[in-house]
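2 protein chains.
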Amino acid sequence: MTTAPVACFDQVTTLVEPRIKKLLDRLDPHNRLVAAYHLGYCDADGAPATAVGKGLRPALALLSARAAGEPPGPGVPAAVAVELAHNFSLLHDDVMDHDGVRRHRPTAWAVFGPAAAILAGDALLSLAHESLAEADQPGAVRAVARLGADVRRLVAGQAADLDFERRDDVGLDECLAMSADKTGALLSCACALGALLCGAPPALTAGLSRFGSHLGVAFQLVDDLLGIWGDPGRTGKPILSDLRARKKSVPIVHALTSGTAAGDAFRMLYAPIRQLRESDLELAARLLDEAGSRDWTGKEADRQLGRALDELSGLDLPAAVRSELVDLSYFVTGRDH
Amino acid sequence: MTTAPVACFDQVTTLVEPRIKKLLDRLDPHNRLVAAYHLGYCDADGAPATAVGKGLRPALALLSARAAGEPPGPGVPAAVAVELAHNFSLLHDDVMDHDGVRRHRPTAWAVFGPAAAILAGDALLSLAHESLAEADQPGAVRAVARLGADVRRLVAGQAADLDFERRDDVGLDECLAMSADKTGALLSCACALGALLCGAPPALTAGLSRFGSHLGVAFQLVDDLLGIWGDPGRTGKPILSDLRARKKSVPIVHALTSGTAAGDAFRMLYAPIRQLRESDLELAARLLDEAGSRDWTGKEADRQLGRALDELSGLDLPAAVRSELVDLSYFVTGRDH
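Protein sequence lines correspond, in order, to chains H and D.
Okay, so the first sequence: first residue is 1 according to full-length UniProt numbering, each after it adds one.
Okay, so the second sequence: first residue is 1 according to full-length UniProt numbering, each after it adds one.
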C-alpha cells in the first residue's frame, strides 16, 4: 500500500471545493440544502460540517489539465463538472438502490425523501454543464459533449446493474462491461476532460481517456471486493453489504459462473426465493473465497491497473504529472507500488 | 379559440422528431425503450407507435431561430434540446408525483418502474446538452449555460411544488413564482435558445426570453384550470385530478387565500386530515368557482398572455415570424384571438 499523494488532493480542497460551494449558491434553498448535505458541507439542519471523501475525480481532472502543459487552474471547471456529475449519480443511485448509508451518514433520500434527492441530483447535473460552458476555454463545447456522452454511459451501467438484480443468467463479460460503464466512463471522463477543455491534441486526450477507463475498472473491482470483505469502519457501509443487497458485482458473478462446487453452493444460497440470514451472509462470503472469486477479482484489478499504467507510459507527459498519476493509481486501488 | 398554427408544428414533425429519434439510437437498449415509450414512439414492448403531443417547446425554438433571421434549420439543435429537457422533467415529475397516466397512456414509471424512469430522464438531459454542444454554431456554449440555468429553475419549481403539498400557508405570490419556475423557465428557454444558438443580438434574445416567460405562466394557468375543470378525453388525465392529488395550483391557492366564505369552506374540505371522496371533489370544484378562483385564474392567464404579446410588439421581427408567434400564443393558451 502507498500513502496518499497529498499534493493533488490538496489542490482539490483549495481550488475545486470553493468553486463548487460558490456554484451551490445558485441553487434554490431546497436543493441547496440537499446538495450541500449530500456533499458533506452541512448537516441535515444546515449547520456547517467538514466534507470527507477523497475527491478522486476532480484530482484526475486537474492532473489532466497539467498533462496538457497547463497549470491546474484551467482544469478547475472540468474538475468541478466531474465531481458534480459524480454526485448527481450518487444521489440518484442511492434512491434506486435503497441504500441508507453513505460516507458514514444517512443518505440524502433517507433524510429528505426520494423526490428531494432526485431533484438535487438533477440540479447538480445542470451545474456540471454550466461549469464547462462558462469556462471560456477552447475546448468548452467538446467538453460538454464528452460529459454528456459519459453520463449516458454511467446511466447505461446503472440500468444494466439494476437489470442484473432481476436476472440469474448474468455473464462475467457483461458484468465487466457494466463496471466499465458505471465507473470507468466517469473516471475516463475525468482523465480526459481537463486536457480536452484546454484544447490538448486529440492523441493526448484519447490516451488519458484509455488510462482512465482501465483505472476506473480497477477501482470498481477493488470497490466490489470492499463491498463484501471491506471493514465497515473504513468503507462507511454495513458489513457484507453487497451480499445483503443481493448485488451482482464481479466477484459474485465470477462465483456464479465458476462451475466450482463452492460456486454452485453459493448459487443455491443466493437464490432469490431464500431469505438471507446473517449467518448465510458469512457463509456466502466464505464460498466466494473458496470459489476463487476473491482471488480472481484481485488479479483482474491488478491487470486493469497494469493496462492503465501501460497507457500512461505511452504518453508524452511532464515528469511530475506522470509520477502523480502513477502514485494516484496505486493509492486509489489500494495495490502495492 | 383559434385553430392550430399548422406550419410550425409541421416543422417539428419534419425537422425535429427525426433528429430526436436519431439521438435516441445513442442510448443503451434499456434507456432507449423507456425513453421511446415515454415519447410515444413505441409501445411498452417496443412496437412502433405514433407520437401524440403538440411539440410546443420545439416549435418555439424553431421560431426563435427564425426570429434571428435564420431558416428553421439552425434552430433544430435548440428545438431538440428543449424537447428532450422537457421530457426529462416529465419522466422525473411523474415518479415524484406518483402520476399514473400521461397523454392517455400509463406513465413510464408505472410500466417500467421508478428507477428506469429516473435513468431515462437522466439520459435525455444528457442528450439535450449534447445536441447543443454538437451544433457547431456561434452561440453553442451560451446555449448550454442557458439550458443548464433554466433546468435548475424548473427543478426549483418542482421542489417548491412538492413543498407546497406539505404546507397549509402557501401564498398566491409564491405560487405564481413556482409556476414561473416550473413552466415559465423552460418556455422562456425555448423562445430564447434558437436565437441564442444562432448568435442573435442580446436585446433580441432577452426580449424573446421575456415573451416566453409570460407565455409560460399563461400556459401553466390554463393548465391549472384544465387540471380541475378539463375534459379527461382531451387532457388525457382523470377528471378533477389536481384536486384528487391535493395539488396547490394557482386556482386552489387563490381560493385558500381568498377570504371568501366559499374559500373557507374549501379549506375545511381540503384539510389533509380528511379523506376526499368523489362527491367531495365535485363540491370542491364548485367552491373554487364560487370563491372566484376559476375566474381570477382565467383573467390572470389573459393578463400574462397580454404581457407576452406586448413584449413581442417591442421586438423587430420578420412579419411571418411575428404572426406565427402570435397565433401560437393564442392557440396554446386556448384564449380568444
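Because the hints were derived from the structure by calculation, they are not lab data.
A couple of the hints might just be wrong.
Label pairs and their calculated CB-CB ranges [stated by the list, open to error]: (1) D:A206 - H:D136: 16 to 26 Å; (2) D:D173 - H:D97: 45 to 55 Å; (3) H:P272 - D:A206: 35 to 45 Å; (4) H:A320 - D:P138: 51 to 61 Å; (5) H:P272 - D:P138: 54 to 64 Å; (6) D:E174 - H:D310: 29 to 39 Å; (7) D:P18 - H:R303: 56 to 66 Å; (8) D:P48 - H:D289: 41 to 51 Å; (9) H:T50 - D:V6: 56 to 66 Å; (10) H:A7 - D:I273: 51 to 61 Å; (11) H:G46 - D:G171: 34 to 44 Å; (12) H:R303 - D:E165: 51 to 61 Å.
Chain H regions said to be covered by chain D (calculated; three or more residues, Cβ under 8 Å) [said to hold, decoys possible]: (13) 139–145; (14) 188–199; (15) 278–284.
Built from N, CA and C at the ideal position, the CB exists for glycine as well.
Counting residues of the segment 188–199 of chain H that have a beta-carbon nearer than 8 Å to any beta-carbon of chain D, does the count reach 3?
violated (count 0)
Satisfaction of the hinted span 54 to 64 Å by the C-beta atoms belonging to P272 of chain H and P138 of chain D:
55 Å, holds
Measuring from beta carbon to beta carbon, are P272 of chain H and A206 of chain D in 35 to 45 Å?
Between P272 of chain H and A206 of chain D, where Cβ atoms are some 57 Å apart, the hint is violated.
Hint check for P138 of chain D and A320 of chain H - Cβ pair distance inside 51 to 61 Å:
Hint violated: Cβ distance 38 Å, outside 51 to 61 Å.
Go ahead and decide if the range 16 to 26 Å is satisfied by the Cβ distance of A206 of chain D to D136 of chain H.
With Cβ atoms ~21 Å apart, the hint holds.
That 56 to 66 Å hint for P18 of chain D and R303 of chain H (C-beta), does it hold up?
Violated, since P18 of chain D and R303 of chain H (Cβ atoms, about 44 Å apart) do not stay within the stated range.
Confirm or reject the claim that A7 of chain H and I273 of chain D have a C-beta distance inside 51 to 61 Å.
Between A7 of chain H and I273 of chain D, where Cβ atoms are some 60 Å apart, the hint holds.
Given the hint of 29 to 39 Å, is the C-beta distance from E174 of chain D to D310 of chain H inside that range or not?
Distance hint for E174 of chain D, D310 of chain H is violated at roughly 58 Å.
Given a hinted range of 56 to 66 Å, is it respected by the beta-carbon distance of T50 of chain H and V6 of chain D?
60 Å, holds
51 to 61 Å as the expected CB spacing between E165 of chain D and R303 of chain H, which holds or is violated:
Since the Cβ atoms of R303 of chain H and E165 of chain D sit about 52 Å apart, the hinted range of 51 to 61 Å holds.
I want to verify a distance hint. Is the separation of the beta carbons of D173 of chain D and D97 of chain H within 45 to 55 Å?
39 Å, violated
With respect to the beta-carbon atoms only, verify the hint that P48 of chain D and D289 of chain H lie 41 to 51 Å apart.
50 Å, holds
Violation of the numbered hints given earlier is confined to hints 2, 3, 4, 6, 7, 11, 14, 15; the remaining hints are satisfied by the structure.
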